[in-house]
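In order, the protein sequence lines correspond to chains A and B. In terms of my numbering, the first sequence has 198 at position 198, counting the first letter as 1, and numbering is strictly consecutive. In terms of my numbering, the second sequence has 180 at position 180, counting the first letter as 1, and numbering is strictly consecutive.
Rather than coming from a laboratory, the hints here were simulated on the basis of the structure. The beta-carbon is built from N, C-alpha and C at its ideal position, and this holds for glycine as well. Among the hints, a few may not be true.
[Unchecked claim] With a straight-line Cα cutoff of 25 Å, these simulated DSS-like cross-link-like pairs (lysine-lysine) come out: (1) A:K275 <-> B:K275; (2) A:K130 <-> B:K130; (3) A:K130 <-> A:K87; (4) B:K112 <-> A:K130; (5) B:K291 <-> A:K275; (6) B:K312 <-> B:K291; (7) B:K291 <-> B:K275; (8) B:K275 <-> A:K291; (9) B:K112 <-> A:K112; (10) B:K130 <-> A:K112.
[Said to hold, decoys possible] Here are some, though not all, of the chain B residues that point toward chain A, as calculated from beta-carbon distances under 7 Å: (11) V136; (12) S137; (13) R139; (14) D198; (15) V201; (16) S202; (17) N206; (18) P233; (19) G241; (20) H244; (21) T271; (22) N282; (23) L286.
Protein chains: 2
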Amino acid sequence: MRSKRIVILTEGHTNPITAKTAWAVLRYRGGDVVALFDTTQAGKTAGELMNVGGDIPIIGSLDEVAEPDALLIGIAPMGGKLPTEWKSIIVSAIERGMTIISGLHDFLSNDKDLVAAAEQHGVELVDIRKNNERDVSNRLDLREDCLRIHTVGHDCSIGKMVTSVELTNELKRQGQDAKFVATGQTGIMIEGDGCPVDCVVSDFVNGSIEKQILANQHHDILVIEGQASLAHPRYSAVTAGLLHGCLPHGMILVFEAGRKTVSGMPHIPLTPLPKLIQAYENLAALHMPSKVIGLAMNGRLLTPEQAEDERKRVQDETGLVVCDVFRDGSEPLAAAVMNLRAEIFGTPVAS
Amino acid sequence: MRSKRIVILTEGHTNPITAKTAWAVLRYRGGDVVALFDTTQAGKTAGELMNVGGDIPIIGSLDEVAEPDALLIGIAPMGGKLPTEWKSIIVSAIERGMTIISGLHDFLSNDKDLVAAAEQHGVELVDIRKNNERDVSNRLDLREDCLRIHTVGHDCSIGKMVTSVELTNELKRQGQDAKFVATGQTGIMIEGDGCPVDCVVSDFVNGSIEKQILANQHHDILVIEGQASLAHPRYSAVTAGLLHGCLPHGMILVFEAGRKTVSGMPHIPLTPLPKLIQAYENLAALHMPSKVIGLAMNGRLLTPEQAEDERKRVQDETGLVVCDVFRDGSEPLAAAVMNLRAEIFGTPVAS
Chain A
1 MRSKRIVILT EGHTNPITAK TAWAVLRYRG GDVVALFDTT QAGKTAGELM
51 NVGGDIPIIG SLDEVAEPDA LLIGIAPMGG KLPTEWKSII VSAIERGMTI
101 ISGLHDFLSN DKDLVAAAEQ HGVELVDIRK NNERDVSNRL DLREDCLRIH
151 TVGHDCSIGK MVTSVELTNE LKRQGQDAKF VATGQTGIMI EGDGCPVDCV
201 VSDFVNGSIE KQILANQHHD ILVIEGQASL AHPRYSAVTA GLLHGCLPHG
251 MILVFEAGRK TVSGMPHIPL TPLPKLIQAY ENLAALHMPS KVIGLAMNGR
301 LLTPEQAEDE RKRVQDETGL VVCDVFRDGS EPLAAAVMNL RAEIFGTPVA
351 S
Chain B
1 MRSKRIVILT EGHTNPITAK TAWAVLRYRG GDVVALFDTT QAGKTAGELM
51 NVGGDIPIIG SLDEVAEPDA LLIGIAPMGG KLPTEWKSII VSAIERGMTI
101 ISGLHDFLSN DKDLVAAAEQ HGVELVDIRK NNERDVSNRL DLREDCLRIH
151 TVGHDCSIGK MVTSVELTNE LKRQGQDAKF VATGQTGIMI EGDGCPVDCV
201 VSDFVNGSIE KQILANQHHD ILVIEGQASL AHPRYSAVTA GLLHGCLPHG
251 MILVFEAGRK TVSGMPHIPL TPLPKLIQAY ENLAALHMPS KVIGLAMNGR
301 LLTPEQAEDE RKRVQDETGL VVCDVFRDGS EPLAAAVMNL RAEIFGTPVA
351 S
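All chains, please: the whole structure from these sequences, using the hints.
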């Protein structure tokens with residue numbers, strides 16, 4: 001049963017960067033959220049600290065909300081570990097009969113104390129990343145006239161999921177039969193399905209994504225969420241397998257204006273965008289031609305004027321459409337998708 | 001304790017292709033093997049059916065050998081699943097107190113019947129692929145004057161492990177302090193250490209290999225075993241993460257003369273060698289320059305004359321040294337490694 005009265009746990013981390021899962025659930029599934037839990041910020045609102053979620057309160061005790069039905073872990077820390085101090089909060093939610101939803105690499109269902117408490121109170125522990133993917137790609141039965149668009153990244157935590165959701169919604173708004181294919185824990189929490197590809201055993205990464213394509217290709221356009229970056233020293237295995245597993249017709253590269261070094265690795269400079277575009281296109285081309293058709297810019301560090309200058313600069317540098325999805329919407333990217341579709345499949349009949 | 005009287009289970013598959021794990025253990029650790037178990041071939045010898053192992057007998061019952069101390073699963077089937085009919089053989093080995101060694105994706109220690117039998121008889125179930133890798137790459141503390149050589153592949157099951165072991169042994173023979181870094185189950189069985197990278201959760205692939213580098217870089221030359229191929233539709237996630245995790249100074253590309261399509265996927269043609277060389281070099285270059293310095297040819301499908309013709313043809317096509325390691329040894333590749341070392345670090349003082 002889909003939870004409708006969710007409390008998001010953001011203890012000590014109620015900000016849009018560290019609590020990016022919380023931010024995204026508030027933005028795309030805010031109607032199902034009744035509170036954020038952070039004893040250090042109790043009394044404030046989500047809108048004040050997260051720039052999303054309006055009057056949704058920040059609470060310091062589960063007693064402050066009526067009938068909460070789920071506790072959702074709202075951060076995705078490096079390495080995926082559950083902070084020890086959160087465990088007692090989770091136990092108190094279990095004692096109230098709340099479902100616990102987690103996207104961490106460390107599964108709640110591997111924690112003996114939490115499992116015992118959950119059994120005692122008849123509560124479900126939902127580990128979004130838990131999977132037993134064991135299928136390999138076969139490259140058979142792909143629907144020829146389903147357009148596959150893949151958002152790829154300059155780095156981690158940069159806006160690939162937001163771009164994917166916004167672009168899908170814009171295509172739907174224009175009457176297209178588009179579907180967001182979630183590949184990360186937050187996307188799955190929002191969309192209700194998908195594959196947690198960064199937690200799949202490496203031999204089965206490509207196959208796990210092909211399975212998502214086969215399951216969803218009755219839609220006309222798939223927007224497949226990217227993960228990490230092909231140039232990320234830590235996570236390029238995930239990115240490469242995802243690229244070959246989803247075989248995109250076109251890619252949209254997501255970057256953050258002003259970011260100079262790899263997330264979490266200040267000693268590693270980011271790859272220049274034109275070089276990275278070439279790398280994605282080359283790797284994809286081992287199987288089929290695919291090109292980057294536009295860039296999505298995350299301009300959160302810049303003023304609107306600075307962002308517009310940077311947008312134009314990158315547009316000139318790459319010769320591709322660049323848009324700040326969060327500030328200005330994704331219409332230019334949707335147009336690039338429809339142009340690619342016309343180029344590959346011919347001009348569709350107006351609906 | 002390292003097993004010294006191993007029986008290798010190859011039931012119904014006693015040939016060098018399907019039982020590639022058995023073949024490699026016989027070749028590189030044959031002194032520890034007392035028999036192969038295959039009821040369909042009992043009475044023959046390993047030498048007859050496997051082209052290696054000489055007089056080591058093929059048996060149809062464990063009673064035929066004295067004091068066997070381990071049963072080693074000698075195949076690596078697609079997807080890693082344990083054939084059901086082998087289970088009773090494993091149980092009978094457990095009942096004799098033998099250690100069970102497996103490199104399959106499906107862990108013996110997840111099978112309740114086998115676990116119960118093992119507990120009853122005080123026997124160890126060794127799942128070579130089982131791991132809980134949770135470390136990410138940091139790109140710190142790499143020893144600058146340790147040369148990293150990585151064998152990369154045109155396809156799966158093509159000779160990357162054999163090339164790595166033979167090259168390491170040749171370098172040692174020449175007095176170099178070289179170390180084989182195993183990344184697959186068979187290599188680990190032979191070398192006694194390493195990381196089963198194709199069974200690591202995708203987020204931690206790059207980090208699991210960096211850890212191997214850090215643990216072994218007191219040696220002067222590391223030969224890091226490759227997995228699959230960057231152009232393999234199923235397994236490129238593994239290959240890409242391995243490449244970025246081990247940051248090679250130079251690569252050796254392993255191919256099989258005469259192979260035209262991807263292993264297990266007859267509808268997918270193999271990528272031409274020059275294009276694949278470019279792809280490996282481009283992906284590596286996102287972090288540091290690395291070049292393919294030579295090719296190892298697997299000539300098992302050809303006569304010696306055909307093999308020599310093909311060797312010369314590929315040498316002309318790529319402009320790189322090509323050698324049939326199995327037929328002719330790996331001296332030309334060792335020379336290419338030493339040339340690269342001199343090029344990067346300067347000519348070493350003769351030891």
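Verification of the hints:
no.	hint	verdict
1	A:K275 <-> B:K275	holds (18 Å)
2	A:K130 <-> B:K130	holds (17 Å)
3	A:K130 <-> A:K87	holds (19 Å)
4	B:K112 <-> A:K130	holds (21 Å)
5	B:K291 <-> A:K275	holds (18 Å)
6	B:K312 <-> B:K291	holds (20 Å)
7	B:K291 <-> B:K275	holds (13 Å)
8	B:K275 <-> A:K291	holds (18 Å)
9	B:K112 <-> A:K112	holds (20 Å)
10	B:K130 <-> A:K112	holds (21 Å)
11	V136	holds (4 Å)
12	S137	holds (5 Å)
13	R139	holds (5 Å)
14	D198	holds (4 Å)
15	V201	holds (6 Å)
16	S202	holds (5 Å)
17	N206	holds (5 Å)
18	P233	holds (5 Å)
19	G241	holds (3 Å)
20	H244	holds (5 Å)
21	T271	holds (6 Å)
22	N282	holds (6 Å)
23	L286	holds (5 Å)
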